[in-house]
Amino acid sequence: MNLFNRVLGREGPSKEVAKERLRLVLVHDRVGVSPQFLEVLKEDLIRVISQYMEIDDASMRVDLSGSNNSVALVANIPIKRVKRGLIAKTRRQEETVPR
Amino acid sequence: MGEVIVVTSGKGGVGKTTTTANIGTGLAMDGHKVVLVDSDIGLRNLDVVMGLENRIVYDIVDVVDGFCRLKQALIKDKRFDDLYLLPAAQTKDKTAVSPEQMKGLCEELKQEFDYVLVDSPAGIEQGFRNAIAGAEKAIIVTTPEVAAVRDADRIIGLLEAEGKEGPSLVINRLRHHMVKRGDMMDIEDMIDILAIDLLGVIPEDEYIVVSTNRGEPAILNKNSLAGRAYRNISRRIQGEDVPLMPLDTEPSLLERLRRLMGFSSK
Ligand SMILES: Nc1ncnc2c1ncn2[C@@H]1O[C@H](COP(=O)(O)OP(=O)(O)OP(=O)(O)O)[C@@H](O)[C@H]1O
Ligand SMILES: [Mg+2]
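So the sequences go chain by chain: X and R.
Residue numbering for the first sequence follows my numbering, beginning at 1 and increasing consecutively.
Residue numbering for the second sequence follows my numbering, beginning at 1 and increasing consecutively.
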């Protein structure tokens with residue numbers, strides 16, 4: 001907002017506000033329209049994460065959480081155990097990576 | 001065999017009926033056989049916008065209830081021999097017609113006509129379900145406002161779920177001077193957000209009100225900016241590649257003077 005507008009008490013162009021609000025509301029709308037959306041996403045997450053750690057998929061939660069100007073995908077995934085083999089493997093990879 | 005195109009929006013009052021009347025008239029101007037179907041049962045409007053309200057004998061509910069044959073309910077336009085209207089019933093409600101009946105009706109109409117344009121009611125309930133039932137294509141009308149675009153997005157999702165061909169967008173009531181000063185979303189913003197094809201842009205135009213007063217679609221008036229934009233849309237529907245019309249034609253000083261003095265050309 002420039003000084004001129006601020007002195008006059010005018011706010012900036014409202015189009016950017018409209019676009020931003022629309023973007024956020026559509027994130028919620030599009031996900032909300034399909035109840036399966038988050039379920040399918042959750043199953044995919046379980047599949048991928050299970051390769052690295054043993055998780056408690058029964059009490060896992062995946063949700064959208066919104067604040068004023070952002071929407072976040074929030075996943076709460078209780079871990080039961082981390083797979084040891086993979087840790088060793090990633091460490092070995094780290095060592096062989098040339099600097 | 002013709003094609004069935006539904007004009008829909010989600011939000012009410014954004015210009016579905018105006019768009020249906022103008023595009024339909026435009027297609028008829030180019031010599032196509034066109035029928036306009038008013039599927040807004042209980043709130044019929046298309047007859048008035050077309051200036052045909054005094055000629056109605058039977059309506060769409062009479063047809064599905066078997067009180068009359070389809071041909072008997074079709075009203076011939078005043079100006080074009082191959083333009084017809086199938087009016088909605090005014091006294092019944094949306095449930096008087098089912099999506100299956102609507103589908104059957106559209107099937108029958110597209111045997112006879114090149115274009116069957118269905119004017120949808122607002123909302124996403126049965127009236128909307130009826131309107132899209134027999135349609136292969138959809139035109140989504142929206143205005144450059146948050147609520148209208150949001151509803152358009154919802155409708156696009158619903159059409160997708162129904163397996164309808166990619167819908168196209170008409171942006172109505174664009175006010176160029178507001179876009180210019182950054183107080184209205186522009187064409188690009190909306191296409192970007194909705195991610196669908198643009199069919200055309202209609203400027204805000206006082207002449208739309210005049211034309212509805214008279215019952216003569218604005219497309220018949222070459223001096224109307226909205227009318228010219230509708231003309232372009234109807235040509236695009238026929239497959240012509242028509243560039244977007246420049247909308248930055250603010251009324252000239254002379255025009256503004258004329259209007260001030262009451263000599264308006266419109
Ligand atoms: N481009 C325009 N410029 C000025 N006025 C317009 C324009 N388009 C539509 N209008 C006006 O907006 C009002 C609503 O238009 P219309 O009836 O076509 O909307 P609709 O989507 O069919 O509404 P409904 O949801 O009630 O069926 C009418 O009074 C019409 O004259
Ligand atoms: Mg209407």
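Heads up, some of the hints might be wrong.
Said to hold, decoys possible - Residues from chain R shown here face chain X by an in silico Cβ test under 10 Å; the list is partial: (1) Met29; (2) Gly31; (3) Val146; (4) Arg154; (5) Asp186.
Unchecked claim - Simulated restraints on C-beta separations: (6) Leu38/X to Asn213/R: 48 to 56 Å; (7) Gly85/X to Glu145/R: 29 to 37 Å; (8) Ala58/X to Val146/R: 37 to 45 Å; (9) Glu206/R to Arg47/X: 57 to 65 Å; (10) Leu38/X to Ala147/R: 19 to 27 Å; (11) Pro78/X to Pro246/R: 28 to 36 Å; (12) Asn69/X to Lys103/R: 41 to 49 Å; (13) Arg91/X to Val146/R: 50 to 58 Å; (14) Ala58/X to Glu160/R: 28 to 36 Å; (15) Asp241/R to Leu38/X: 52 to 60 Å; (16) Leu198/R to Arg92/X: 49 to 57 Å; (17) Ser70/X to Asp241/R: 53 to 61 Å.
Source of the hints: derived by calculation from the structure; they are not laboratory data.
All C-beta atoms in this analysis are idealised placements derived from N, C-alpha and C, irrespective of residue type, glycine included.
Okay, the hints, checked on the actual structure:
no., hint, result
1, Met29, "violated, 36 Å"
2, Gly31, "violated, 41 Å"
3, Val146, "holds, 5 Å"
4, Arg154, "holds, 6 Å"
5, Asp186, "holds, 8 Å"
6, Leu38/X to Asn213/R: 48 to 56 Å, "holds, 50 Å"
7, Gly85/X to Glu145/R: 29 to 37 Å, "violated, 56 Å"
8, Ala58/X to Val146/R: 37 to 45 Å, "holds, 40 Å"
9, Glu206/R to Arg47/X: 57 to 65 Å, "holds, 59 Å"
10, Leu38/X to Ala147/R: 19 to 27 Å, "holds, 25 Å"
11, Pro78/X to Pro246/R: 28 to 36 Å, "violated, 59 Å"
12, Asn69/X to Lys103/R: 41 to 49 Å, "holds, 45 Å"
13, Arg91/X to Val146/R: 50 to 58 Å, "holds, 51 Å"
14, Ala58/X to Glu160/R: 28 to 36 Å, "holds, 33 Å"
15, Asp241/R to Leu38/X: 52 to 60 Å, "violated, 42 Å"
16, Leu198/R to Arg92/X: 49 to 57 Å, "holds, 54 Å"
17, Ser70/X to Asp241/R: 53 to 61 Å, "violated, 41 Å"
Hint violations for this structure: numbers 1, 2, 7, 11, 15, 17, all remaining hints satisfied.
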